[in-house]
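Engineer: Sequence:
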Amino acid sequence: MIEVHAFETPRAQTEALAQAVGEALAATLAQRARATLAVSGGTSPRPFLQTLSGAALDWPRIDVTLVDDRWVSDTDDASNAKLVRETLLRNAAAHARFAPLVDMRESLDAQIAALNQSPAHPLPDVAVLGMGEDGHTASIFADAPEWDHAIATTERFVGVHPGAAPHARVSLSLGALKRIERLFLLIAGSRKREVLEAAAAAPQKNAISQLANDKGTKLDVYWCAN
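Just so we're on the same page, this note's numbering is the position in the sequence shown counted from 1, plus 34.
Derived by calculation from the structure, the hints in this document are not laboratory data. Treat the hints loosely; a few may be bogus.
[Unchecked claim] Straight-line distance between alpha carbons at most 30 Å, and here's what the computed DSBU-like set of lysine-lysine pairs gives:
# : residue 1 : residue 2
1 : 116       : 212
2 : 212       : 249
3 : 239       : 252
4 : 212       : 252
5 : 239       : 212
6 : 239       : 249
Working from the sequences, and respecting the hints, build out all of it.
Structural biologist: So this is what it looks like as structure tokens:
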């Protein structure tokens with residue numbers, strides 16, 4: 035199930051999403067000792083991450099991690115961990131604890147196994163997703179040989195080798211995404227709105243459609259035309 039929140043400007047979208055995510059984290063902290071936030075990489079989330087970094091939250095009790103990341107060094111410009119360190123883990127949010135997904139000292143398979151056993155990488159309480167024009171979210175790509183496993187497994191993390199996109203990936207599985215208490219989707223532009231609406235209208239072979247057509251999953255969509 036999806037609920038679309040539409041905004042006229044990117045700034046309004048960014049500020050509203052930062053407020054909603056902050057409220058979701060505060061609600062979790064009111065019930066538990068710690069809260070885990072998973073965020074996405076790419077260019078779209080950058081203003082949101084920068085805005086959220088200044089939120090008046092109890093950041094020492096918040097664990098920040100990623101929805102997915104590319105299998106690259108954390109100094110590589112393609113690294114989502116690098117993006118998060120440069121944008122979110124500043125200002126007030128510098129006091130959060132960061133749990134990246136990639137450890138290049140391990141093989142991809144070994145790292146996935148370790149993540150699925152790691153107490154430092156529990157199921158997130160709140161996650162902010164992005165979406166490609168092919169309907170993928172996280173790194174659950176329909177053209178990857180791991181597609182069937184990624185949408186069926188009960189494990190939290192999967193390794194993915196996209197057919198068209200560069201780099202192997204570490205990603206939350208579809209099952210993990212469905213179990214997250216608060217799921218947000220940040221998108222912009224008419225094309226992505228069309229992709230989302232088509233994905234929600236009828237089941238398709240893409241991750242957003244799988245989420246949007248799951249009756250037990252609520253996806254709060256923050257969309258801006260620009």
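Engineer: Would you mind marking each hint as holding or not holding in the structure?
Structural biologist: Taking the hints in turn, this is what the structure says about them:
1. For the hint linking residue 116 to residue 212, the alpha-carbon distance of about 26 Å falls within 30 Å, and the restraint holds.
2. Using a Cα cut-off of 30 Å, the hinted pair residue 212 and residue 249 holds, with the two alpha carbons roughly 10 Å apart.
3. At most 30 Å may separate the alpha-carbon atoms for a hinted pair to count; residue 239 and residue 252 meet this at roughly 19 Å.
4. Restraint check for residue 212 and residue 252: the C-alpha separation of about 9 Å stays at or below 30 Å, so the hint holds.
5. With a C-alpha separation of about 16 Å, the suggested pairing of residue 239 with residue 212 holds against the 30 Å cut-off.
6. Between residue 239 and residue 249, the direct Cα distance comes to roughly 17 Å. Compliance with the 30 Å bound is thereby established for this hinted pair.
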